[in-house]
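Student: Given only the sequences and the hints, what does the whole structure look like? Please build it.
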Amino acid sequence: MRGPLDVYWHPAVLEHDTGSGLFEAPPSSLLAVPEPHPENADRVRNMRSVLERGPIAPSLRWLDGRLAEVEELEAVHPRAYVEEIRRACEQGRRLTATTVASPGSWAALLAAAGTALAAAEAVLSGAARVAYALVRPPGHHAGPARADGYCFFNQCALVAERALASGLARVAVVDWDVHHGNGTQTCFYERDDVLAVSVHMRHGAWGPSHPETGAPEEVGRGRGAGFTVNVELGLGAGDRAYRAAFEELVLPVLRQYRPELIVGACGQDASAFDPNGRQSVTMAGFHAIGRYVGEAAAELCAGRLVLVQEGGYARTYAAYCLHATLEGVLGLPPALADPLAYLPDEGERWRPDLEAARAALGRFWELA
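By my numbering, the letter at position 196 of the sequence shown is numbered 196, and the numbering carries on one by one without gaps.
Treat the hints as calculated values from the structure; they're not laboratory data.
Take the hints with a grain of salt, since some may be wrong.
Derived CB-CB ranges, DEER-like [as the list claims (entries may be wrong)]:
#1 Glu348 - Arg87: 45 to 51 Å
#2 Arg61 - Gly222: 38 to 44 Å
#3 Pro11 - Arg86: 16 to 22 Å
#4 Arg87 - Glu248: 41 to 47 Å
#5 His203 - Glu84: 23 to 29 Å
#6 Gly19 - Ala169: 39 to 45 Å
A virtual CB, placed ideally from N, CA and C, is assigned to each residue, including glycine.
Tutor: Okay, structure coming up:
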């Protein structure tokens with residue numbers, strides 16, 4: 001077993017109130033019982049509960065997160081943007097159709113960023129080999145000066161910048177949230193000191209706050225050419241597709257890049273039961289992803305791995321999938337029965353998607 005695994009938590013993340021409506025729209029008078037916004041506090045309450053009560057509990061150490069300082073946010077986000085986000089929180093207004101701020105959001109945003117940085121500091125100092133920040137709201141859609149998709153500040157980008165400032169030369173961000181990690185891509189698109197990998201569902205047209213496409217042809221620019229890796233999978237891709245994506249593309253690129261730290265954008269919204277994704281990854285698939293990332297960290301960077309919670313909006317199943325992910329990271333066998341894994345995972349309809357990514361990346365990396 002690799003471990004123990006340190007879990008960083010700050011209760012202020014629960015103070016971000018996203019309200020309810022028709023999923024992400026304003027409340028509808030046609031509904032007797034409106035849906036809660038998918039990115040709500042209950043989803044992380046369940047994640048914490050499953051980790052505290054599940055079989056993995058003896059392998060976890062719970063540690064306090066902290067609030068970030070504004071100056072720390074400026075490692076990624078300009079001061080003017082940070083102040084705009086602060087004002088939006090004070091006013092309780094929307095920044096995009098899906099990205100909602102409330103008066104309690106500012107403390108939650110600082111807690112999400114600071115808790116991710118606390119996890120990074122533990123790994124960078126040698127106090128821990130693997131640390132996980134259980135935070136919300138997520139961050140991987142946030143660009144340097146752009147909110148998007150529930151995200152305000154980019155926690156994974158902040159962790160990567162902190163690692164580089166500590167003296168590391170190469171950091172890899174590996175993102176398996178079901179949605180394209182567009183904000184992280186933008187942060188590092190012209191750089192080679194951060195390898196930005198995103199394995200995600202093909203979405204089609206995004207909105208004006210998400211100009212990136214997530215297509216495999218988006219590989220970086222200038223000095224960063226080849227250091228953005230997009231593996232775009234069609235709807236319904238399940239465990240076999242995600243395993244192939246990691247085995248055939250993600251892991252070979254990581255081995256050639258040889259990062260000194262891996263940052264995992266740890267989302268669980270690629271399951272068939274998530275309201276915001278249409279993939280079919282089961283607990284077994286998430287266990288495999290965790291195992292791949294944990295083994296890559298052990299092989300390439302002395303086990304140094306920082307995991308930051310991203311999406312996962314099926315309030316019950318996402319928590320079970322997180323438990324499976326962390327089991328895989330720790331090299332533990334699955335210990336919880338999957339209550340919902342009954343969809344078939346047949347055929348290789350996703351094979352052309354992997355070949356498209358292979359063709360785009362083959363100019364930069366050796367891929368079998």
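Student: A separate judgement is required for each hint: does it hold in the structure or not?
Tutor: Against the structure, the hints come out as follows:
Checked against the given bound of 45 to 51 Å, the beta carbons of glutamate 348 and arginine 87, roughly 50 Å apart, stay inside it. Judged by the Cβ atoms, the range 38 to 44 Å given for arginine 61 and glycine 222 holds: they are separated by roughly 42 Å. In this structure, proline 11 and arginine 86 meet the distance hint of 16 to 22 Å, their C-beta atoms being roughly 20 Å apart. Roughly 46 Å separates the CB atoms of arginine 87 and glutamate 248, a value that falls within the hinted 41 to 47 Å.
Take histidine 203 and glutamate 84: their Cβ atoms lie about 26 Å apart, and the range 23 to 29 Å holds. As the Cβ distance of glycine 19 to alanine 169 is approximately 44 Å, the hint placing it in 39 to 45 Å holds.
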